[in-house]
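Protein sequence lines correspond, in order, to chains A and B. Anchor point for the first sequence: position 66 equals 66 in my numbering, and the numbering is continuous, going up by one each time. Anchor point for the second sequence: position 4 equals 4 in my numbering, and the numbering is continuous, going up by one each time.
Some clues are possibly wrong.
Stated by the list, open to error - Partner residues aside, some chain A positions facing chain B, computed with beta carbon under 8 Å:
(1) L94
(2) P115
(3) M183
(4) G198
(5) Q230
(6) W292
To be verified - With a cut-off of at most 20 Å between alpha-carbon atoms, the simulated SDA-like pairs for lysine to any residue come out as follows:
(7) K75/B x P262/B
(8) K50/A x I14/B
(9) K9/B x N99/A
(10) K54/B x E44/B
(11) K101/A x K138/B
(12) K138/B x K7/A
(13) K230/B x R220/B
(14) K54/B x N139/A
(15) K7/A x R107/B
(16) K9/B x E195/A
(17) K138/B x V53/A
(18) K8/B x V102/A
(19) K101/A x K8/B
(20) K290/A x F275/A
(21) K71/A x M81/A
(22) K101/A x L210/A
(23) K200/B x K75/B
(24) K138/B x N99/A
(25) K101/A x I14/B
Simulated from the structure, these hints should not be mistaken for laboratory data. These numbers come from a predicted model, not from an experiment. No residue lacks a Cβ here, since even glycine has one placed at the ideal position from N, Cα and C.
Okay, here's what each chain looks like letter by letter:
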Amino acid sequence: MGVKRGKLARQEIRAFYLFLSPWIIGMILFTGGPLIASLLLGFTSYDIVKPPVWCGFSNYKEIFSDKIFIKSLEVTVKYVMGAVPLTVIGALILATILNQKVYGLSIWRTIYYLPVVTTGVAVALLWSWVLNPDFGIVNTLLQRLFGIRGPEWFYSEKWAIPSFILMSIWGVGGPMLIYLGGMQGIPTQLYEAAEIDGASWWQSYIHITLPLISPVIFYNVVTAMIGTFQVFIPAFIITQGGPNYASYFYVLNLFRHAFQYYHMGYASALAWILFVLVLVLTVIAFRISKYWVYYEEQR
Amino acid sequence: MTVNYTSKKVRQKIISILLTILLALVGIIVLLPILWMLSTSLKEQGQVFIMPPKWIPHPIQWSNYPKALDFMNVKIVYRNTILITSIDILGTIISSTLVAFAFARLRAPGKEVLFLIVLSTIMLPQQVVLIPQFILFKLLGWVDTFYPLTIPFFFATTPFLIFLLRQFFMTIPIEMDEAARIDGCSYFQIYARIILPLSKPALGIVAIQSFMNNWNEFIRPLIFINSASKYTVSVALANFSSDYGMTPWNLLMAASLVALLPCIILFFFAQRYLIQGIVITGLKG
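Chain B on its own, in the form it takes in the complex (with noise of 0.2 Å):
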């Protein structure tokens, strides 16, 4: 029985030994474009050519990343892009959790339908929208200014993050909501002073979602912007190649990873809020 009984043990560790190491080198697979790009960020231009490859760069180029940072005019279009992924952060937070508020908390007429019409709308693809937005846009004077990037996200235009913030104040007990009416509260300071204290960790995945959402955006700056002082990260990166007559690998890995760099930053500061988000809008979705 004893025996029986620790040969099962056995049996297990050994299965988890045998996975884990299957999981590693699924890992190693997974890392190994990440690696390759870093390895190459740091060659001399000649270096990159040679074969067999070394993994390790012979010196190690760290001018490589200032020439490149230098290339593609870093200053502005960091500044460009924090600027606009500030404001549509803000902008998202701002209106979505107004919408899922009502959505969430209040009662009237043709609720179930509007809100079916918000769910209806996370399937529907960008393109469709995109060719009235742009003449739009045209007609109101703002191509290749900001606001095409910005003001559309004071507006709740991403109907996901309504739904997963409806989702979440949703199980904040209605008791609170009817407390705070009997003794006065008006609907917008529960929704101030109560709902949106109690939703920090949701209103962190918002902010983190969108944030993701916003930082690698192509086709709308791509679309909208024109001249080059007003570039994004991602244009800017699109074009690095052609401004520089040919494509420089060692130039091209270093600009990426750093246009990389702030998705990779947050995502391993805040992890537990980018599962979180799965979490509530997976399980109760």
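Only chain A is shown next, with the shape it has when bound in the complex (with noise of 0.2 Å):
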């Protein structure tokens, strides 16, 4: 008996990794190897024509120094700041209206949710027409009901970032639809007994509806933050990084790089040190995740 169960286990353990060959072999070609190959690339002077040359870490020491680099740290810091907040709160707010007795949700919910699958150049190319300093919607609209003179958006050094938060604010919809999902999973019993116990509403959404929800946030902002720090199509379409750099983000100079100067080895280093930044964040989020995000006991 004991032996014919090992046999029955060994068929089943050849089975998983006959299923699991697609990823194996994808992880060897496309994820892992190629994530070992520009670690390694990192360390070299190459421009693919001729092969690779070791260098140390030269690349780095280059990158550290370049004001450029720094510049495009710096913008993308500043967008991934401006841009996650206004989205991760914009979000709960919305979902926590439609998460309330209202008319028609399920038109708003469309209707919010219908810019997080309008994406990539066309995208781009809409706003840099809505914000178009002259003949934009925004600035005509601002100009005719409040009087005001609009900025630049786009074209100027000062309103560039604010530009590109505004347009991933359009999409609040994509986070806003998983608050959703995770506030109509929280079973009603509880809202009733806290009414039963006097609780207001706003003591019910503090004390039941946020703790609830809590990993539902905790997982906008490390997605958020991902996304955010990889931003890339509307500065390749819209400013193509300008004016004076003012929107030259990260992943902009490592395309700039990598695919017009082919410094595939410099490129490859600002690809780690990406790689290491988001990581960094990441973990760090984890981190403090668990001062603040409720998990309902495991049985």
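Both chains are sitting in their own frames, so use the hints and assemble them into the complex.
Below is the structure:
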């Protein structure tokens, strides 16, 4: 009997690795392999044409003394620090309202989610037209409704980052829908019990809703952070990093070095710095989460 | 007592109305850019720059659409994009269901560690692997072909969808597999005859997600494709203005709207699936 069970278990193990084989091959060829390759390439000088030459830490030294790199990091961090809180909190507020007794829930949900499915180049073009300083709808409305002369948006050093942040807020429907799913999963008995005990709406919200959706808030913060750090298409399409590097985001810098100047070694080092940055941020977020994210006890 | 009760009800109703008005205002703001795109796409060149702008174009210039589509070679770029996207969806569904089946239904040493690797690659920035991938494809002679844009999808390279499918497969009672095993089914038969037919909603979600991901993909076709005859919609759109010599906003908005249309249409038809996908991963993850 024992021998037979062993044979069945072996069969199952073999099946497991057989089913897993597409992923294992993919991991080696397209994910894990390239990850290690780019780490190694980061220590070389490589222009695609001639074979790579080992150059130690010189790429990293060059990067950290490059003013444009520092600028790109600064610009990206500013963008992340603006876009992430605004999107995450805005989404929370919208989801909270949608979770009340309101009319036409599914209509609003659909409208708010619509921008999430419209992404990429077309949306970048759309926003460069919407925020056109002279003929765009935003400045026209500012002028007509409030008599304000709107800013130059993407064309102004000061307003370029806020313009991209505004654009990212448009995608608020994504995290909103995730919150809403979390809120609708909270058992109604909890609210009924709180109401019997005389809790106000606000008290229920603070002591029931927020703690119970805190894992969802955490998820949204982490994914928004990782996503916004990699912003590329809007800047590539609308500003090309300008004016005067005011929107020269990290990945745009990486792209230029890799695929326009063919500094493959240098760009690989850039890619690894980005990877480590994102990793460190994620780890920090997980550490901090222990203090504010509530997980129901595992049974 | 009754007065108190009705006044509370009235108050509730007023709050509902006020909140709904607020939601409607936000809704208008959200829709504004899309309506503006639509309006511009139907204007004559001269009308685009008239101040104050008119929301409803007069005359309505339908001919912008054929003109814009012609200019961006719509037949070729749409055919390319549809071809690439369909192959990607197929590859993603085949490979990620196989892998998710292994993680959800089979026991083997090392499974937990491997699954942890899958989860951690969800967070991996694409840019980190892009350069070595480019070098690999160049060595293989795949640059300026559709292979770099399609082949990787047959190797379960979208870890998020593996996770989603695994979560869904786990909800199917394991007793079904055990009964099937006793009846002499192979693991592949369990996968093909039990798990897949029971997972149609999840497969729908995966198909929609990978459609949305790939239809608008820009960086990869930008890097891997050189010849105009192989451009995707995104790349053609990005080159529109420079090819035209200026920015014809009315034509550009028409072209953009047509580029977005498949996603918008799919969204309206498949909203329920999309929302369900969020629930599966959001609540149980």
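Indices of hints not satisfied (ascending):
3, 4, 6, 8, 11, 12, 20, 23, 24
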